[in-house]
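Given next are the chains, with one letter for each unit.
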Amino acid sequence: MAWGRSRPVEGLRAYRLIAGMWIRSTLTYRASFALTVCGNLLLSGLDFVAILLMFAQVDALGGWTLPEVALLYGLSVTAFGIAQLAFGSVASLGGRVRDGSFDTLLVRPVPVLAQVAADRFALRRLGRGVQGSVVLGWALVAVDVDWGVVKVLLVPVTVVCGAVIFGSLFVAGGAFQFLAQDASEVQNAFTYGGTTLLQYPPTVFGRDLVRGVTFVLPLAFANWVPAAYLLGRPYPLGLPEGAAFAAPLVAVVCAAAAGAVWRAGLRSYRSTGS
Amino acid sequence: MADAFIELVDVEKVFEVRRKTGFLRRERRSVRAVDSLSFTVARGEMVGYIGPNGAGKSTTIKMLTGILTPSGGRLRVAGIDPSRERTRLAHRMGVVLGQRTTLWWDLPLIDSYRLMHRMYRIPDARYRENLDRLVELLGLADLLDVPVRQLSLGQRMRGDIAAALLHDPEVLYLDEPTIGLDVMSKARVREFLRQLNAERATTVLLTTHDLQDIEQLCSRVMVIDRGRLVYDGALAGLHEVGESERTLVVDLERELPPIEAPAPARVVRVEGPRQWLAFPASESAAGLVARIAAEYPLVDLSVREPDIEAVIARMLDTPADTPDSPPDPAGHTVR
Numbered sequence: 001m002a003w004g005r006s007r008p009v010e011g012l013r014a015y016r017l018i019a020g021m022w023i024r025s026t027l028t029y030r031a032s033f034a035l036t037v038c039g040n041l042l043l044s045g046l047d048f049v050a051i052l053l054m055f056a057q058v059d060a061l062g063g064w065t066l067p068e069v070a071l072l073y074g075l076s077v078t079a080f081g082i083a084q085l086a087f088g089s090v091a092s093l094g095g096r097v098r099d100g101s102f103d104t105l106l107v108r109p110v111p112v113l114a115q116v117a118a119d120r121f122a123l124r125r126l127g128r129g130v131q132g133s134v135v136l137g138w139a140l141v142a143v144d145v146d147w148g149v150v151k152v153l154l155v156p157v158t159v160v161c162g163a164v165i166f167g168s169l170f171v172a173g174g175a176f177q178f179l180a181q182d183a184s185e186v187q188n189a190f191t192y193g194g195t196t197l198l199q200y201p202p203t204v205f206g207r208d209l210v211r212g213v214t215f216v217l218p219l220a221f222a223n224w225v226p227a228a229y230l231l232g233r234p235y236p237l238g239l240p241e242g243a244a245f246a247a248p249l250v251a252v253v254c255a256a257a258a259g260a261v262w263r264a265g266l267r268s269y270r271s272t273g274s
Numbered sequence: 275m276a277d278a279f280i281e282l283v284d285v286e287k288v289f290e291v292r293r294k295t296g297f298l299r300r301e302r303r304s305v306r307a308v309d310s311l312s313f314t315v316a317r318g319e320m321v322g323y324i325g326p327n328g329a330g331k332s333t334t335i336k337m338l339t340g341i342l343t344p345s346g347g348r349l350r351v352a353g354i355d356p357s358r359e360r361t362r363l364a365h366r367m368g369v370v371l372g373q374r375t376t377l378w379w380d381l382p383l384i385d386s387y388r389l390m391h392r393m394y395r396i397p398d399a400r401y402r403e404n405l406d407r408l409v410e411l412l413g414l415a416d417l418l419d420v421p422v423r424q425l426s427l428g429q430r431m432r433g434d435i436a437a438a439l440l441h442d443p444e445v446l447y448l449d450e451p452t453i454g455l456d457v458m459s460k461a462r463v464r465e466f467l468r469q470l471n472a473e474r475a476t477t478v479l480l481t482t483h484d485l486q487d488i489e490q491l492c493s494r495v496m497v498i499d500r501g502r503l504v505y506d507g508a509l510a511g512l513h514e515v516g517e518s519e520r521t522l523v524v525d526l527e528r529e530l531p532p533i534e535a536p537a538p539a540r541v542v543r544v545e546g547p548r549q550w551l552a553f554p555a556s557e558s559a560a561g562l563v564a565r566i567a568a569e570y571p572l573v574d575l576s577v578r579e580p581d582i583e584a585v586i587a588r589m590l591d592t593p594a595d596t597p598d599s600p601p602d603p604a605g606h607t608v609r
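First to last, the protein sequences are chains A and B. At position 266 of the first sequence (counting the first as 1) the number is 266 in our numbering, and the numbers step up by one without a gap. Going from the second sequence to our numbering is simple: count from 1 and add 274.
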């Protein structure tokens with residue numbers, strides 16, 4: 001299906017165009033926009049407040065100190081924030097399919113995934129990423145780590161890979177809505193549930209859950225494994241030494257799988273209609 | 275000119291419908307929405323596509339635009355298989371879905387056009403030229419800076435049509451383009467489509483429930499019913515196929531029992547001194563009028579041409595295997 005310009009480039013361009021339209025649409029209601037941005041910042045800050053409250057009572061959580069848990073939190077929430085900003089709209093695909101307006105996206109000469117991802121693009125979602133990176137910034141200063149080039153580089157790489165992993169989850173979940181249009185709550189359990197899970201050290205969870213989050217939905221590579229490397233802690237499940245650097249590979253595999261699931265979903269829509 | 279721009283050969287579309295029959299049990303049933311549909315449309319033709327709800331009109335349009343993949347048969351538009359090369363075809367077609375706007379609700383109309391300009395990569399000069407022309411022909415000059423949510427239905431429809439044509443498509447699909455519009459707006463849309471087809475030779479396929487659209491725009495009409503093409507030809511031919519009847523309205527001096535007219539003419543309605551007689555559209559009214567004038571105290575009379583809606587309703591009724599066919603159109607013939 002490739003001709004002329006490559007599809008990823010076309011997709012990015014279309015994404016930019018459509019997201020720009022949505023930003024301008026949102027800005028026609030300035031007061032409402034300002035309020036939702038503030039509300040979002042407050043709300044997404046609350047779960048870190050919950051962690052702070054816990055540490056008011058205890059010195060460590062599953063053996064991890066406050067700066068260390070803040071590192072987990074910062075990595076997870078920043079990556080999730082980026083993914084949600086870029087791909088969060090895919091989660092509301094079901095509504096478009098249900099009311100039939102999805103068809104109007106299919107008659108345009110640009111990739112559908114880009115259109116769906118940019119659909120109702122909401123700048124207010126920036127709040128979560130900003131809040132996550134503030135915590136991450138503090139954690140990086142506060143943790144007791146002997147920083148070297150490799151460890152410094154690992155931080156941005158981890159954030160980007162985490163964002164790709166969460167983004168893949170959004171896309172795959174969206175594709176599932178071609179089949180079950182009211183499945184967005186199931187998807188939320190994995191995306192929002194996943195990011196909340198990752199905010200706590202793996203040592204507080206049962207082995208089976210950690211296994212699932214490592215091998216089935218490889219969210220562990222978004223923060224648990226790289227953070228364990230940074231902090232010189234044992235890896236969850238006794239993973240091999242190089243696991244901290246496997247994140248890019250995991251991210252690529254996730255993205256490819258999400259792409260395949262997306263194409264299958266789109267194909268099933270186009271052969272069944274709605 | 276004779277080349278087929280749109281070509282369908284035995285196209286069919288089967289939907290698998292799953293219905294809940296119990297807690298976890300599902301019943302699978304296939305529904306044939308379009309059944310061995312074959313037709314061709316030449317470049318520059320303007321074709322009306324009509325049929326009752328659920329007949330397969332939308333499914334056909336969706337296959338032509340590449341939204342849906344046919345279950346079988348061969349379908350080509352401008353030599354392209356729409357479902358395989360959807361994006362490539364998108365540059366060459368315009369689509370207006372009457373009940374669904376593609377304009378940006380909260381933004382001024384012109385913003386939607388600027389998006390089209392960039393999304394379709396329309397060269398600047400051609401974009402400006404097309405925009406100027408469409409704005410003038412569709413009377414959009416005063417609306418360009420108005421947010422779309424403030425436009426009336428008719429204004430929005432004109433806005434949508436312009437949006438679909440900025441990239442100079444070779445074919446325009448219109449799904450119910452006049453639905454919900456007032457008389458003036460309808461007239462304006464029709465006049466524009468006529469010009470578009472005449473001057474730019476754009477191929478137009480439109481579905482509608484408003485038969486005036488067809489009467490005023492289309493030289494050719496296709497009727498689809500239960501997924502099958504039941505008529506394809508000139509509008510005039512519909513009357514013959516539909517065995518349509520004309521109506522003679524007779525005003526007598528006073529109330530009288532129903533006129534004893536020679537068969538096949540017959541009285542279908544009596545209301546005081548006025549009587550309605552139906553007779554085959556293919557027959558001359560002269561003999562019938564002369565006969566009535568000779569035998570009855572005639573005050574006034576008029577002849578009504580067949581109502582195309584009734585013609586189609588009767589035509590769809592003709593295949594006798596239809597228990598759930600549309601209601602008897604007798605009440606329609608006289609209005």
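If you are wondering where the hints come from, they were derived from the structure by calculation, not from laboratory data. This structure is a prediction, so every number in the text was calculated from the model and none was measured. Among the clues, some could well be false.
[Unchecked claim] Have a look at the derived ranges for each label pair, beta carbon to beta carbon:
hint: 1; chain 1: B; residue 1: Asp277; chain 2: A; residue 2: Val157; range: 25 to 35 angstroms
hint: 2; chain 1: A; residue 1: Leu27; chain 2: B; residue 2: Arg578; range: 34 to 44 angstroms
hint: 3; chain 1: A; residue 1: Ala256; chain 2: B; residue 2: Gly296; range: 19 to 29 angstroms
[As the list claims (entries may be wrong)] Sample of chain B residues lacking proximity to chain A, with all beta carbon distances greater than 12 angstroms (derived):
hint: 4; residue: Gly318
hint: 5; residue: Gly353
hint: 6; residue: Thr376
hint: 7; residue: Asp380
hint: 8; residue: Arg388
hint: 9; residue: Asp406
hint: 10; residue: Ala415
hint: 11; residue: Lys460
hint: 12; residue: Ala461
hint: 13; residue: Arg500
hint: 14; residue: Gly511
hint: 15; residue: Arg528
hint: 16; residue: Glu545
[Unchecked claim] Partner residues are not named here, just some residues of chain A that face chain B (Cβ under 7 angstroms, in silico):
hint: 17; residue: Arg5
hint: 18; residue: Ser6
hint: 19; residue: Met21
hint: 20; residue: Leu27
hint: 21; residue: Arg30
hint: 22; residue: Ser32
hint: 23; residue: Gln57
hint: 24; residue: Thr65
hint: 25; residue: Asp103
hint: 26; residue: Leu106
hint: 27; residue: Val107
hint: 28; residue: Arg108
hint: 29; residue: Pro109
hint: 30; residue: Ser268
Glycine is no exception: its CB is placed at the ideal position from the N, C-alpha and C atoms.
Let's test the interface hint: is any C-beta of chain B closer than 7 angstroms to that of Arg30 (chain A)?
Interface hint status for Arg30 (chain A): violated (12 angstroms vs cutoff 7 angstroms).
Beyond 12 angstroms from each Cβ of chain A, as asserted for Arg528 (chain B):
Correct as stated: the minimum Cβ-Cβ distance to chain A is 58 angstroms, above 12 angstroms.
When the least beta-carbon distance from Arg5 (chain A) to chain B is tested against 7 angstroms, hint result:
violated, 10 angstroms
Please test the hint of 25 to 35 angstroms on the beta carbon pair from Asp277 (chain B) and Val157 (chain A).
violated, 57 angstroms
Please verify that the nearest CB of chain A lies beyond 12 angstroms from Asp380 (chain B)'s CB.
Not fine: 4 angstroms to the nearest Cβ puts Asp380 (chain B) too close to chain A.
Would the non-interface assignment of Ala415 (chain B) survive a Cβ cutoff of 12 angstroms against chain A?
The assertion about Ala415 (chain B) holds, with a minimum of 22 angstroms to chain A.
Does the nearest C-beta of chain B fall within a distance shorter than 7 angstroms of the C-beta of Ser6 (chain A)?
violated, 13 angstroms
Does the claim that Gly353 (chain B) lies off the interface hold, with its Cβ farther than 12 angstroms from every Cβ of chain A?
Given that every Cβ of chain A is farther than 12 angstroms from that of Gly353 (chain B), nearest at about 15 angstroms, it holds.
Beyond 12 angstroms from each Cβ of chain A, as asserted for Glu545 (chain B):
Answer for Glu545 (chain B): holds, closest chain A Cβ roughly 45 angstroms.
Under 7 angstroms is the threshold here; is the Cβ of Gln57 (chain A) close enough to any Cβ of chain B for the hint to stand?
At 46 angstroms from the nearest chain B Cβ, Gln57 (chain A) fails the 7 angstroms test, so the hint is violated.
Taking the closest Cβ pair, is Leu27 (chain A) under 7 angstroms from chain B?
violated, 9 angstroms
Does Lys460 (chain B) really sit off the interface, with its C-beta more than 12 angstroms from all C-beta atoms of chain A?
The claim holds: Lys460 (chain B) sits with its nearest Cβ about 23 angstroms from chain A, beyond 12 angstroms.
When each numbered hint is compared with the structure, violations occur for hints 1, 2, 3, 6, 7, 8, 17, 18, 20, 21, 22, 23, 24, 30.
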